[in-house]
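Asks: Each protein sequence line maps, in turn, to chains H and S. Using the numbering used here, read the first sequence as starting at 1 and increasing by one per residue. Using the numbering used here, read the second sequence as starting at 1 and increasing by one per residue.
Where hints are given, some of them may not hold.
[To be verified] Ranges of calculated distance between the beta carbons of each label pair, as one might list FRET restraints:
#1 S:Gly-55 with H:Ser-75: 39 to 49 Å
#2 H:Lys-447 with S:Arg-215: 49 to 59 Å
#3 H:Pro-636 with S:Arg-212: 33 to 43 Å
#4 H:Pro-636 with S:Ala-216: 58 to 68 Å
#5 S:Gly-55 with H:Val-31: 22 to 32 Å
#6 S:Asn-177 with H:Glu-665: 28 to 38 Å
#7 S:Gly-55 with H:Lys-672: 51 to 61 Å
#8 S:Gly-55 with H:Glu-539: 49 to 59 Å
#9 S:Thr-179 with H:Ser-169: 52 to 62 Å
[Unchecked claim] In silico lysine to any residue, SDA-like type, Cα no more than 25 Å apart, as pairs:
#10 H:Lys-673 with S:Glu-181
#11 H:Lys-92 with H:Pro-79
#12 S:Lys-137 with H:Pro-135
#13 S:Lys-57 with H:Met-35
#14 H:Lys-465 with S:Leu-185
#15 S:Lys-137 with H:Asp-29
#16 S:Lys-202 with H:Tyr-731
#17 S:Lys-146 with H:Lys-345
#18 H:Lys-345 with H:Pro-744
#19 S:Lys-137 with H:Ser-510
#20 H:Lys-672 with S:Lys-57
#21 H:Lys-672 with S:Pro-178
#22 S:Lys-146 with H:Lys-465
#23 S:Lys-110 with H:Thr-729
#24 S:Lys-137 with H:Glu-539
#25 S:Lys-137 with H:Pro-17
#26 S:Lys-146 with H:Tyr-731
#27 H:Lys-672 with S:Gly-189
#28 S:Lys-146 with H:Glu-539
#29 H:Lys-57 with S:Pro-74
#30 S:Lys-57 with H:Ala-123
#31 S:Lys-202 with H:Met-687
#32 S:Lys-146 with H:Phe-7
#33 H:Lys-57 with S:Arg-75
#34 S:Lys-146 with H:Glu-737
#35 S:Lys-202 with H:Glu-732
#36 S:Lys-202 with H:Arg-18
#37 S:Lys-146 with H:Glu-542
#38 H:Lys-673 with S:Pro-178
#39 H:Lys-578 with H:Thr-500
Rather than coming from a laboratory, the hints here were simulated on the basis of the structure. Remember, predicted model here, so these are calculated numbers, not experimental data. All residues carry an ideal CB built from backbone N, CA and C; glycine is no exception.
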Amino acid sequence: MAVATFFGARVNRREDPRLVTGNGLYTADVVLPNMVHAAFLRSPYAHARIKSINTEKAKALPGVIVVVTGKDIASKLNPVPCAWQLTNAEIKVPKYYPLEIDKVRYVGDPVAVVVAETPYQAADALEAIEVEYEPLQAVVDQESACKPDAPLLYDNDVPNNLAFHWKISSGDVSRAFAEAEVTVKERLVNQRLLPTAIEPRGALAQYNPSKDELTVWITSQNPHVHRLLLSLMTGIPEHKIRVISQDVGGGFGSKIPCYGPEAVVVLLAKELLLPVKWIEDRRENYVSTIHGRDHVEYVELAGKFDGTITGIKVITYANLGAWLSTAAPGVPTILFGTMLSGPYKIKNLECEVFGVLTNTTAVDAYRGAGRPEATFILERIVDIFARKINMDPSEVRIKNFIPRDAFPYTTPTGLTYDSGDYEGTLRRALEISGYKDLREEQAARLKSFLQESTETGKRKRTKEKLIGIGLSSYVEVCGLGPSSIVRSTGFALGLWESATVRVHPSGKVSVFTGGHPHGQGEETTFAQIVASELGVNLEDVEVVHGDTDKVPFGMGTYGSRTTPVAGGAIVFACRKIKEKARKIAAHLLEAREDDIVFDSGRFYVRGSPGTAKTLAEVAWASYGAGSSELPSGLEPGLENTTFYDPPNFVFPFGTHVCVVEVDTETGQVKIKKYVAVDDCGKQINPMIVEGQVHGGIAQGVAQALWEAAVYDKDGNLVTSTLSDYAVPTAYELPSYETASTETPSPHHPLGIKGVGETGTIASTPAVVNAVCDALSNFGVKNIDMPLVPEKIWRILSSSSPRLESPSSTTSPS
Amino acid sequence: MSERGASSSSSRESSPPHSTEAGGRSGGSSSKRKKKKSVSGAQSGISDLEAALSGRKTIQVKVNGRVYQREVEPRLLLVDFIRDHLGLKGTHIGCDTTNCGACTVILGGKSVKSCTMFAVQADGEEILTIEGLANGKQQELHPIQKAFWDNHGLQCGFCTPGLIMQAYWLLTSENPNPTEEEIRLGISGNLCRCTGYHNIVKAIQSAATMLRSARAQEQVVVTAREGRR
Ligand code: FES
Ligand code: FES
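Let the hints inform the model, and build the full structure from the sequences given.
Replies: The structure is reproduced here in structure tokens:
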């Protein structure tokens, strides 16, 4: 078996046969005998006092087993924990209970729970619960919420609703701005998004009284973290809870946090001695599962006319919603502020972040988490700067890129970029997209557009479509991460990853990973790693994850960390197994260990490849079942558990080019071409890498063009169904052209970097830059996302185009 | 907190009733049954609906070649019937507004969103779910399933059964030779959050080619009904 073919091969995913036949096992699919169903009553008010709750009528309905209010269980459940409490800023973590007790703080806040024999009966009973509320004034936007006269969510526990005020700075920003030849500034809004995993969240808990143990099936990206947080909330010891999460239908960050209702389900199962199941419906998902982004940013850039960027200043108002969700404080700070210099050698940088509580659903990590927000403002302001100094946006980027020979490169915020060739990906993207020709086509189109509109005298009636070209270059911090660094930022745990690799007596291999892939394909890529490392057949490797009783404590899947970090743990476990196997092989071959060669799954004495022991033979011997005894002093068995704490993060990067056509009659934007050139180091399975990039681009494009979670001023989520929240279909999205360069991470044993979020990070600014580019002759500097036809139509109908080539427009700042 | 009896598990009125199997793999026998309602039977009148709402109703459906008879609440959604009463968990639920298509099945030859019909409306109908597309086992895949696999047309897999059923309808009933645009339009009632659709479109293109060449060679295309015999 040619081992090298595994690593880097486009191997079909082993996850798929079960999933394409309907044999996946998602949380909602698990059925237990005597299972009963929970449903949560959620607040219709964004901010109100709970005056009374009457559950009598509900309790009398058929099938209803119990109705419980926040008051009933106040003494039984601890507040929902927040696991990322900042260290370099004072942080106020309010007490937020799994079921609210005297006050509700957002529409969707749970106040009571029903358990009934069927989900339908539970839903009926919700309608029979009578709650008397005293409505209070609500505040939904973060800039108003931290003003002195704003209503307070937690009274004096969180003055001004300000959970934290975080700052980072380096260099001399005042001087950079004082000496700048040119400055640009802009208010940029990174709108709130709904993660929208197609599988809603849910949990099923079963208590086993004979062992005093709980089993919890849950939609989770990190089963061990869920177990720990459930234990903290319920007081049930961690070792008495088993969390199982088999197939998960997408997460995108929304299944990282531990939510109050999950703990309620666990408690109910224990108290009722019945398996209790709760599955969200979509509306419930939209109002109560975390949201993403929601920043208002004030951005300023200082530079020179030759294109050099000398400084950047950012003030961010981050909307955190009504409670501090599991990782929420780290997202708009550590994962955002530290990345604000991006791929550029900007030395002077200043960022302050106001983390504000509002009467809305909590905001936490959504695909990219902080890094898309950072890349968005940087790539937007760089384009605005380029236009102001009349320079092609690609040239401004090239001028400021950290050069490829400057790695490892320490950024002004203290990160050490491992490796990169930023100009390489940009040049490749320009080449693939035919950038030069595109600019010519754009100019020609503009000319005929202006001619046509002059001839007809009715500009708005022209059939011509304008072309816009948008670039976006990014570098992403991922592979979270070295525990010493993440701990210093206030994260409650280290971010290492675990792996157990077990070679069975027959030579078959089981891999137990602390990562928990849910679409990213690591059941396949991890088998590829093991097959390559141990020289065994791919089919002889099983990858196990998502069960806390099987897998050593693991941190889970998010932040593009699983392949680099969990993959790293697997590599080192395999290598330790090989070391031991070499000793056994030497013993079996009656040779010195130093003389043993390992090649393609076979051990032999150097120079005599004809007489070899396979890994299976060595494994057989290791269990004492072989013909010879083990070398003296060596423990039997052939398995290893490794906890891999990476020495650094990994930093994938790339450049995307988006070409749009703007219909001047309707304001409709159509993506004509989308080119992504990404560099995630060595690729285990390019097919899976491409798939990750595609999906990421789609989500980023969706933010740019269509999606927005909208609240009215009273705190109602207006976009609370999939009819209102515009997740794009296949008909709206384009095909993508993907390519890659390969700059391995020097500190990773396989040279790999993560790729799960790159598409989302890069694509949003690429699309917005393209649309603003198309409209630059209308005096447009910025349009707030999403760039829906109406907004663009209004611009087109209210302003006159000026005859300037798109790359030489000077817009006021 | 256990006012209604913590250990209560007795069957109350609207818990799923015991099943009455009506004859396993029925082959041709179902053709003798009278069709009571078509897909568009929803239109047969408010009064019907009201009458139906007043009590439980016994329905008979043929799913993946097997006939089931069950007594159901009139308000029971078809998707819940398929999942919870028949135990066919491959049909998924991703929304409550008929947008996501995770629940797509073939009913009476048409693709329908099974969350948007009542089980009673399916009385007398023939339904094909993802489990019936090939033989429900992972060793034997329908060309569309194979194409999704080969083209990396899925990631988390939650949307996948619905998309495969929609593609099945598109390619076998609607348009065996669709353009890319027709494919994109044809699956625009199904949402996928993971893949960005690129590889799904490729998968359906490749499945279309496979199905066409299979037809050209006059090979038997495996449909659930035939495959189940
Ligand atoms: S569950 Fe049927 S369309 Fe979403
Ligand atoms: S594969 Fe996850 S939603 Fe489509």
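Asks: Flag every earlier hint the structure violates by its number, smallest first.
Replies: 3, 12, 17, 20 and 22
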